[in-house]
Amino acid sequence: MTETTETLPLTRSASEPKSVFREYLESILWALVLAFIIRSCVVQTYEIPSGSMEETLQVGDYLLVNKFLYGIKLPFSDQRILKVRNPVHGDVMVFEYPEDRSKDFIKRVVGVPGDEIAVRDKQVYVNGVAYRNPHEVHKDAGVIPREASPRDNFGPVRVPAGSYFMMGDNRDRSYDSRFWGFIRDSDIKGKALVKYWSWDSGSARVRWDRLGRLIE
Amino acid sequence: MNEEFEPSADFVEKVMARVHQYEAEKFSFLNWLAASRPLRYALAGGGTVFGVLKAVPVF
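Residue numbers (my numbering), protein chains in the order written: chain X, 1 to 216; chain H, 1 to 59.
One chain only, chain H, in its complex shape (with noise of 0.2 Å):
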């Protein structure tokens, strides 16, 4: 390879760095909240609660 366009040793480091960058720009906190999984399934899991929780009269 020619040494003249060999990449420098932090090379991979700083293009990662950027494409972050780049991601953390491209997503808000609403976005990143959205696609959370942790969220989804909290919300899947209370919903479920609260259709089973939910009473019905009983005389």
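Same shape as in the complex, but just chain X (with noise of 0.2 Å):
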């Protein structure tokens, strides 16, 4: 019997160093891939510019939302997976305005597929039974009638199914569903969460005591 050996062509072994200019582009690689993964399916931030969330919101909030809860969003398509629950009463949800799909809205589910959502001067009843959120304001003692906008005197309407009626905490100030309809399931982004920043440009100071907040 003999013996042969063979001669391995010289090829890059898997422990021969890297350069640092590859090190670093992989590494800002992988940073960017991990920002949009937690991005996408873990938990997205926002800030508030507008006040129709108030005073549960406030301008200058910054928010983390879930985005896991109603399920994961595939890309390029409608489907969820891993869906945690579906949207109830009362959850503050982050949704694509269905007039602009390239602004975000952030309102409260008052109508679930099913409901039968009516305004009656100011009071919002869900399947004939008035609805009463603790964090809704009304900065207006005036009632709009009907026939010059549906802020005060809305429907009755049946929320469709895979559909939601949305309303902004802040009623006589929030463009909401009253004014431009429901939003589908695959118009939802996710729930906020929690304020981790707030920051009142009036006055140039921190709102420290609304960092940590829960959004309920």
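Hints were generated in silico from the structure; no laboratory data involved. Worth double-checking, as some hints may not be accurate.
Claimed, not checked - One-sided excerpt, in silico: chain H residues whose CB lies under 10 Å from chain X:
no.	residue
1	ASN31
2	ALA34
3	ALA35
4	TYR41
5	ALA44
6	GLY51
7	LEU53
8	ALA55
9	PRO57
We treat Cβ as the ideally placed atom computed from N, Cα and C, and that holds for glycine.
Can you join these two chains into the complex? Each is in its own frame, and there are hints to help.
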């Protein structure tokens, strides 16, 4: 029996140190991939530029939004996977604004599929029962007639399957489902979770008392 | 082994001291910093955090 030896071709071995440039490039790519996955599937941050959800959310609040509770949306599709639960009354949700998909809105769920929604002189009724949310505020005592605006008198309307009726907590200064209709399940971005930062630009100070507060 | 050519007891120590001196002269602090793994991890981790915390306006 004869023994033969083979000469292995010279290849870059796994233990060969990488160049500093390549290591930094890989680190940057990993950072981008990780940030993208976290923002898409776990948590995304939003800032509040308008007062439609006052006093729950004020201008200058920064939020973390849970992206997986209602299911992780698959890219280029309306399908969701790994859904934990469906939206329920009172959830504060971020969604694509149906009239301008480049903008995101944040409102509270008032109607879920099958509900009948009506507003009579500012009072919201869900399935004929007065819906009172402890977070809602009215900053205008006047009542606008139905013919002039749907703000204070609206409906009744039935929420279709796979749709939701959304309203801002600042009822008199919120542009919501009363004006532009329902949102679809595929429009939902996530559930508002917690305020992690709050900046009052008027008085140039941090609203420390709001930091870390859950959004209920 | 010919004792005439046997290395002294501190031969390795002397050679390594010269190697370390050479390396120290060859690499500046900035080079050392750029090659630092903890720094790279900290930058990548910080970049990830900033990427996640980039807030989108929501009306």
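Hint-by-hint comparison with the structure:
Interface restraint check for ASN31(H): the shortest CB-CB distance to chain X comes to about 9 Å, inside 10 Å, so the restraint holds. Taking 10 Å as the C-beta contact cut-off toward chain X, the hint placing ALA34(H) at the interface holds, the least distance being around 6 Å. Taken as an interface hint, ALA35(H) checks out: its beta carbon lies about 5 Å from the nearest beta carbon of chain X, inside 10 Å. At about 7 Å, the closest approach between the beta carbon of TYR41(H) and any beta carbon in chain X falls short of 10 Å, and the interface hint on this residue holds.
Given the 10 Å rule on beta carbons, the hint for ALA44(H) holds: about 4 Å separates it from the nearest Cβ of chain X. Given hint, GLY51(H) at the interface with chain X, holds; its Cβ is 3 Å from that chain's nearest Cβ, closer than 10 Å. Hint on LEU53(H) holds. Least Cβ distance to chain X is approximately 5 Å, under the 10 Å limit. Because the beta carbon of ALA55(H) sits about 4 Å from the nearest beta carbon in chain X, less than 10 Å, this interface hint is met.
Look at PRO57(H): its Cβ gets to within about 5 Å of chain X, closer than 10 Å, so that hint holds up.
Hint compliance for this structure: every hint is met.
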